[in-house]
Structures are given as structure tokens and as C-alpha cells.
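Participant: Given these sequences and hints, build the entire structure.
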Amino acid sequence: ETGVTQSPTHLIKTRGQQVTLRCSSQSGHNTVSWYQQALGQGPQFIFQYYREEENGRGNFPPRFSGLQFPNYSSELNVNALELDDSALYLCASSSPPLNTEAFFGQGTRLTVV
Amino acid sequence: QQQVKQSPQSLIVQKGGISIINCAYENTAFDYFPWYQQFPGKGPALLIAIRPDVSEKKEGRFTISFNKSAKQFSLHIMDSQPGDSATYFCAASGNFGNEKLTFGTGTRLTIIP
Chain F
1384 ETGVTQSPTH LIKTRGQQVT LRCSSQSGHN TVSWYQQALG QGPQFIFQYY
1434 REEENGRGNF PPRFSGLQFP NYSSELNVNA LELDDSALYL CASSSPPLNT
1484 EAFFGQGTRL TVV
Chain P
139 QQQVKQSPQS LIVQKGGISI INCAYENTAF DYFPWYQQFP GKGPALLIAI
189 RPDVSEKKEG RFTISFNKSA KQFSLHIMDS QPGDSATYFC AASGNFGNEK
239 LTFGTGTRLT IIP
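Protein chains in written order, with this note's numbering: chain F, 1384 to 1496; chain P, 139 to 251.
Keep in mind that the hints are not guaranteed to be accurate.
Straight-line alpha carbon distances no greater than 20 Å define the calculated EDC-like cross-link-like pairs of lysine to aspartate or glutamate that follow [said to hold, decoys possible]:
| hint | chain 1 | residue 1 | chain 2 | residue 2 |
| --- | --- | --- | --- | --- |
| 1 | P | 196 | P | 217 |
| 2 | P | 206 | P | 194 |
| 3 | P | 206 | P | 169 |
| 4 | P | 195 | F | 1484 |
| 5 | P | 196 | P | 222 |
| 6 | P | 180 | P | 222 |
| 7 | P | 180 | F | 1484 |
| 8 | P | 209 | P | 191 |
| 9 | P | 196 | F | 1484 |
Treat the hints as calculated values from the structure; they're not laboratory data.
Facilitator: In C-alpha cells, the structure reads:
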């Protein structure tokens, strides 16, 4: 088990609602990346936070936003939920440049109905 | 140019046999190639990773073979065991792993007795 924890583990939301997912990074890690994994697919990069600043973003619309806090934990916010947002949301922490290995949490399974 | 293509989509191997999963990439800026193992309901876990300055890396029963000129890399699992049954993802990253991970589409491996 990694030291990356995500909450909640499962969530059901209605289309049009907003959701906040949370991630506690592994101790000593200053970088958090978020990925979306649709059923049967590989994870897709959403964005990365390094020392509280966004440090790269994938091909996701602005309604996907995030934060990183001084303790390096992070939030992923999704506004105006759509049915296609249903997926497993993964958080990974790392500590570049010395340690680039990304440790993933168990994910949050979001279902939009 | 950011794609990582993975094959096969699914694989059934007898216990004790060799499991082989292949990946190909296009972006020559990629310089870090990890393999992840994912069990149902869990986040991906790093198995083994390679950089392009070597052609092979072995850790226990897991070996990565890397062909820089062909832009291909593969995972070999020797003496496959039922506990190896999982979904395997190849991935690629630039800047020695400091950039986002680009994942393949995954291979569902089943080891039968």
C-alpha cells in the first residue's frame, strides 16, 4: 500500500452538480498529479500541482480545476458534471527531481447519473 | 504524437509460462518508461521502469526489453503465477519522469492453472 489516500472512495452525483475529490500525498512528496481512468482505459492526465502551483495540464476543459495546499494535499473540483465524467479518478504523488516514481492512491469512483 | 500503443488487449497464459506485453511510442522526447500493475478496485502500482540508456532491465520475474530505434518496449513476466492476474499498463514520460505519464490502454492478464 502506498501512503497516498483519496476520499471518498465512491460517489454518485447528478448531471449538472459539482464535486470535490480529495487526495493526501505520501509524506515528503511535493507534487500531486490527477488522472481520469474511464472503464477499460488507461489513466488520462488531468493536471499536476507542484508546490501549490499548477504545473501542466492535459486536454480537459476548465470545469476541471484543482488546488494544492501547503501540506501538499490536493483537491480536484469538477463543475457542471456530465455523464461522461463517470470514471475512476486517481491521484499520484511524487517528489521530483530526485524521485520521479509516482505513487497512486486507490482512486475515487465517480458515477454521474 | 503523444500516444502509447499497447498490445494485446487481453492475454491468457498458463501457470509457469511467460507473459509478454508490448508497447510502442511515437514521441522521441520520452525518456522514462514504467510499467504499472492494477488490481480491481486499486490504483496502479509501479512494477518496473527503464530509461533508454539500457536495452534491458530485470527485477525478479519481471523484465523490460527496450528497443530505442524501433521505439518499442515490452514486459516479460517469467514463471507466471495466478497472483499475477491483473491489468498491466505501460507508460511513458519525458524529462526523466518529471513530466506527466502517458499510459497505454492496458492488457488484462489472466493466468490459468
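Participant: Please write out, lowest number first, the hints stated earlier that are contradicted by the structure.
Facilitator: Failing hints: none at all.
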